[in-house]
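Could you use the hints to bring the two separately framed chains together as a complex?
Each chain is listed here by its residues.
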Amino acid sequence: MEVVMAFVIGFLFMAAVYLILSKSILRIIIGTSLLSHGAHLLILTMGGLDGEAPPVLADGVTNMADPLPQALILTAIVISFGVTAFFLVLAYRAYQELGTDNMDEIRGKLSDD
Amino acid sequence: MINFLLLPILIPFATAIILMFAPKKITFQRTVSMIGLIAATVASFTLIQRVHTLGIQVVTFGNWPEPFGITIVADMMATILVTTSIVIALFTVWYSFRSIGIEREQFFYYPGVLLMITGVNGAFLTGDIFNLFVFFEVLLMASYLLSVIGGEKKQLKESIKYILVNVVSSALFVITVALLYSVVGTLNMADISVKIAEIGQPGIITTIGVLFLIVFGLKAAIFPLFFWLPSSYAAPPIPVIALFGALLTKVGVYAITRTYTLFFVHDIAFTHTLLLVLSCLTILAGCIGALSTFNVKNIIIYNVVIAVGVILFGVAQMNEEGLMGAMFYITHDMLIKAALFFLVGIIVVITGTANLKKMGGLIKTFPVLGWTYLIAAFGLAGIPPLSGFIGKMLIVKGGLEAGNIWSSLWILLSSLVVLLSVIRIFIYAFWGEEKTIVPLAERKSYKALLIPSVLLVAITVFYGVGAEWITPYMQDAVDVLIDPSVYTDAVLKE
Numbered sequence: 001m002e003v004v005m006a007f008v009i010g011f012l013f014m015a016a017v018y019l020i021l022s023k024s025i026l027r028i029i030i031g032t033s034l035l036s037h038g039a040h041l042l043i044l045t046m047g048g049l050d051g052e053a054p055p056v057l058a059d060g061v062t063n064m065a066d067p068l069p070q071a072l073i074l075t076a077i078v079i080s081f082g083v084t085a086f087f088l089v090l091a092y093r094a095y096q097e098l099g100t101d102n103m104d105e106i107r108g109k110l111s112d113d
Numbered sequence: 001m002i003n004f005l006l007l008p009i010l011i012p013f014a015t016a017i018i019l020m021f022a023p024k025k026i027t028f029q030r031t032v033s034m035i036g037l038i039a040a041t042v043a044s045f046t047l048i049q050r051v052h053t054l055g056i057q058v059v060t061f062g063n064w065p066e067p068f069g070i071t072i073v074a075d076m077m078a079t080i081l082v083t084t085s086i087v088i089a090l091f092t093v094w095y096s097f098r099s100i101g102i103e104r105e106q107f108f109y110y111p112g113v114l115l116m117i118t119g120v121n122g123a124f125l126t127g128d129i130f131n132l133f134v135f136f137e138v139l140l141m142a143s144y145l146l147s148v149i150g151g152e153k154k155q156l157k158e159s160i161k162y163i164l165v166n167v168v169s170s171a172l173f174v175i176t177v178a179l180l181y182s183v184v185g186t187l188n189m190a191d192i193s194v195k196i197a198e199i200g201q202p203g204i205i206t207t208i209g210v211l212f213l214i215v216f217g218l219k220a221a222i223f224p225l226f227f228w229l230p231s232s233y234a235a236p237p238i239p240v241i242a243l244f245g246a247l248l249t250k251v252g253v254y255a256i257t258r259t260y261t262l263f264f265v266h267d268i269a270f271t272h273t274l275l276l277v278l279s280c281l282t283i284l285a286g287c288i289g290a291l292s293t294f295n296v297k298n299i300i301i302y303n304v305v306i307a308v309g310v311i312l313f314g315v316a317q318m319n320e321e322g323l324m325g326a327m328f329y330i331t332h333d334m335l336i337k338a339a340l341f342f343l344v345g346i347i348v349v350i351t352g353t354a355n356l357k358k359m360g361g362l363i364k365t366f367p368v369l370g371w372t373y374l375i376a377a378f379g380l381a382g383i384p385p386l387s388g389f390i391g392k393m394l395i396v397k398g399g400l401e402a403g404n405i406w407s408s409l410w411i412l413l414s415s416l417v418v419l420l421s422v423i424r425i426f427i428y429a430f431w432g433e434e435k436t437i438v439p440l441a442e443r444k445s446y447k448a449l450l451i452p453s454v455l456l457v458a459i460t461v462f463y464g465v466g467a468e469w470i471t472p473y474m475q476d477a478v479d480v481l482i483d484p485s486v487y488t489d490a491v492l493k494e
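In order, the protein sequences belong to chains A and B. For the first sequence, the UniProt record's numbering gives the first residue as 1, with consecutive numbering after it. For the second sequence, the UniProt record's numbering gives the first residue as 1, with consecutive numbering after it.
No lab work stands behind these hints, which were simulated from the structure alone. Possibly wrong hints are sitting among the right ones.
[Said to hold, decoys possible] Sample of chain B residues at the chain A side, in silico, Cβ under 7 angstroms: (1) Phe45; (2) Phe130; (3) Lys153; (4) Leu156; (5) Ile160; (6) Ile163; (7) Val174; (8) Ile175; (9) Ser182.
[As the list claims (entries may be wrong)] Only pairs whose alpha carbons sit at most 25 angstroms apart, straight line, appear in this in silico DSS-like list of lysine-lysine: (10) A/Lys23 with B/Lys161; (11) B/Lys435 with B/Lys358; (12) A/Lys23 with B/Lys153.
Note that CB positions come from ideal geometry on N, CA and C, so glycine has one too.
Same shape as in the complex, but just chain B (with noise of 0.2 angstroms):
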């Protein structure tokens, strides 16, 4: 079946349509997303199986010849991406059943998931600039919904700011596809890899390289532009941030290592030493920020700056290892950072509060939520055999072959700051003397949102120890990012 690959992309968007339908009937919402989730899993796994077996998939809509029609295409990189995105969307959808509120429920919140589901596979999956950049508006129209839904005056304030970044980032898209499409007449994305090949980076495509690493970075939050993620993340509900936080950055990161790996491979001295650069920068950022706050949710939030700058470090060594770090670190960090967020969410239903200085003693009452999180906290850090550790390590080891060594030693460095980060939350919420909590009556929901985080932090440990199973499915992956020829072959059948 030729159409296979669009399956990621079509099953949660008629399901959205569905949903849409009946907003006040809460079971149909919740039984319908279910399912259209589930199905969508059984998608996404069974086309890893078949990029794996077949090779990179193609399709072009209506027949058209390859640089003409819309291409999607399915390499090993982007399908495991839309897996993992399914995967954290299932278990969001589980774990919003009793945290989202049915207010929020009865006004297309399920829809708004998967429309958002939808942009984010439609991103990774297409082979088109230009379609990149819709499915980015579909991500970001999804996005906006959900940072306002429940209409809060904080998350009123905070998605006026987030609306308008997006907005300005983007119209700088849009600005940077006209450009490129002016020097190299084409949108296909292996086309324009071939015609940059033919051209040779002339300085005009290093300067579109560059603005694209500011629109993709502005998504992303890298260094400079990092700045409206903390506060905007912080608005909406717990769910919403575990979704935001696991998802919309890692869009922009896909982003930027397809342009970079794909296009602007013929001046890396100047383009992969300023994203070098600008990934330190980031984690540097990210590391003040995690340090400086007392607010769980926060130090979390800050985690995700940091996580950016460490894949981009990966993305900018463009040698094996540090590519297959990447792809390992990406995948890893999807995961750990939604049931990280999850955890804190419990946490926060438990005492009332997210400030640290406000809590104490859980460890007693709530064993295994504290230890589920300390597992969490030390996969986050990369403590082996959990699932940071092999993509830092690549990483790592990526950085020294290409003889960035002070960096790779402040990728370690920063591993001790964000393992300090997450231990505090685990030595104040769980340890000392035990202070007020939330009474039973009022907090009837803590098991039905500790099954799903307890399910997502047993599949980050499964995801670090068998991480023999999952290396050829890498090794898949990084074969496409290391020669761009193998990318575009499979789409020009040249």
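Excised from the complex, chain A in its bound form (with noise of 0.2 angstroms):
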């Protein structure tokens, strides 16, 4: 199970660089979030994936899965959202602004002024 979802996390990482190296703005998002959605599964399987019942206490359970990962998912999650939603708003503002979304034409250079 563990190998499979190496692959997974692999083709997402794969399509999160292809995105991220894009020049659309929005591309570039798309590409953090999946980017981020490859390193929350990577968490998961890190930790083990032979838990069998859910980490909850209950008579007569014995093979719980690893609660850590599960929280350290949902801290990451959290922070992924809010940084996600800040970039956005910042997207939109920037395209309000300079009137484009391709990087390139957003290229700053340093100026002597």
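What follows is the structure, given as structure tokens:
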């Protein structure tokens, strides 16, 4: 099971890198979302996928899933949600002010003034 | 009081929350943020004394036994850096009164600064690797706000890139933590250190070590990963650049230092040689950048990159002199970079331009500014008895002791380039014939900006002259860095 997950996560990272290297801001933001999906799935997989019961205390349950990675993912999801929301609004503002969503056209250079 | 070490995190955090209730009342904003920062300064200096007399302070939330809860650890290195960052925030807020502009002050500027300080202090003090990630995000989100606040076109352009780089590096951080967790099965930094020592750092741990170097190197701007820094730091207003330049990269440097002295100490021949090579290349890149531009802000920004290289060179030696030098140099560099950005900001206000070629002859009208700048420039280059000297001397001594003769000479040579780059500002801006300056009515703030800058330079001079009083504290910090068992014993109470 872990091997299948590793391939899926690797595919997500590949797609994310491809999208982040593209020119449109929206494609870049989609790429960062895929990157965080990949990272979250990686935490889940790296914690081990062998637990059967959900990590809730109940009578007779012995083989629980590792609760720690789930807490980590929950934290990381909220954080990446906040950052993505900020990033989307920033992209919107930049589109309004600069009139373009092409990364080539918003390239800055260090000026001497 | 067992929770005392939380005060440097909690006071700025509480102050930021209070400030959010009345964003439009400028007097309230200014007074409350100053009171909060002064209280935090007092608390952090008291904490230094406590750590010095009582040893490493540890608190685990919720009274859980040690590896299971989140631990906050105040060793001397973290405490010194926390104190320095609070002092810098205090001066930056003071400097901001007359330089940041009322629109920004009314739009959550001070809460942004205080939340960034919360994140920075938390990152210094935490003893849990995932908690370090969370505090990184706290400081990064506040820095996104600060870098875009005001909404100028240039800021919008640069913020997009800044956020993108940091989102990618944060995802890498999560991935690296996940990999480390799958190998050692714990997140507590002291426990990780013990577990890695038990399994003797196999190849996978070294790989994770290099991944951590990439993650923190992106935050700290080391050689191949510094590409985002010059343009992102040039966009925001001066007080924000001062905060970023003094604090943000240093958090990355701290994280590299912590992981490379606590976790990855069993294959030094590979990991620390890599760090050594990268730090030398970082210095080279920074030197080229600092000489390449006539923009006063960019010269200092490239000097931030050089300083990161110098500090990491000291860390890479892994001997007492090198680490002691790195500790002296990182504190010095935080203070002096903030001071230099302040002074350069005043020059920009006076002349109305950041281009050196359009300035000249300021020394006749502004002698105090000129001589203060010269002292700060000499301090940056490391001329004794000023603040940069002792750190760099110890770093070079450590390098020679470890047998890295050529790279140590390279550090000394880089000091000349640093001196040349900042003296160029002095020569172009303060000597020569007088050129047009902004009329008096538009720069009424000159005196108000000069006072915090001069005081901060005075602190750096005191730091250089009083190195003898500071050495015992630095010694405490280095004792922990040089021997990880001091740290792990204090946390795990074995």
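Structure-based check of each hint:
For B/Phe45, the interface hint is violated, the least distance from its beta-carbon to any beta-carbon of chain A being 32 angstroms, above 7 angstroms. Hint status for B/Phe130 relative to chain A: holds, with the closest Cβ pair at about 6 angstroms, below 7 angstroms. With a cut of 7 angstroms, the hint placing B/Lys153 at the interface with chain A holds, because the nearest CB-to-CB distance is about 6 angstroms. Because the closest C-beta pair between B/Leu156 and chain A is about 5 angstroms apart, less than 7 angstroms, the hint holds.
Restraint check, B/Ile160 versus chain A: the minimum CB separation of about 6 angstroms is within 7 angstroms; hint holds. With a least beta-carbon distance of about 6 angstroms to chain A, the hint placing B/Ile163 at the interface is held under the 7 angstroms criterion. Hint status for B/Val174 relative to chain A: holds, with the closest Cβ pair at about 4 angstroms, below 7 angstroms. Evaluation of the B/Ile175 hint against chain A yields a held restraint, the C-beta minimum of about 5 angstroms falling below 7 angstroms.
Evaluation of the B/Ser182 hint against chain A yields a held restraint, the C-beta minimum of about 4 angstroms falling below 7 angstroms. Between the alpha carbons of A/Lys23 and B/Lys161 the distance comes to roughly 12 angstroms, so the proposed pair stays at or under 25 angstroms and holds. Taking the CA atoms of B/Lys435 and B/Lys358, the gap is about 7 angstroms. The hint holds against a cut of 25 angstroms. Our distance criterion of 25 angstroms between C-alpha atoms is met by A/Lys23 and B/Lys153, whose separation comes to about 19 angstroms.
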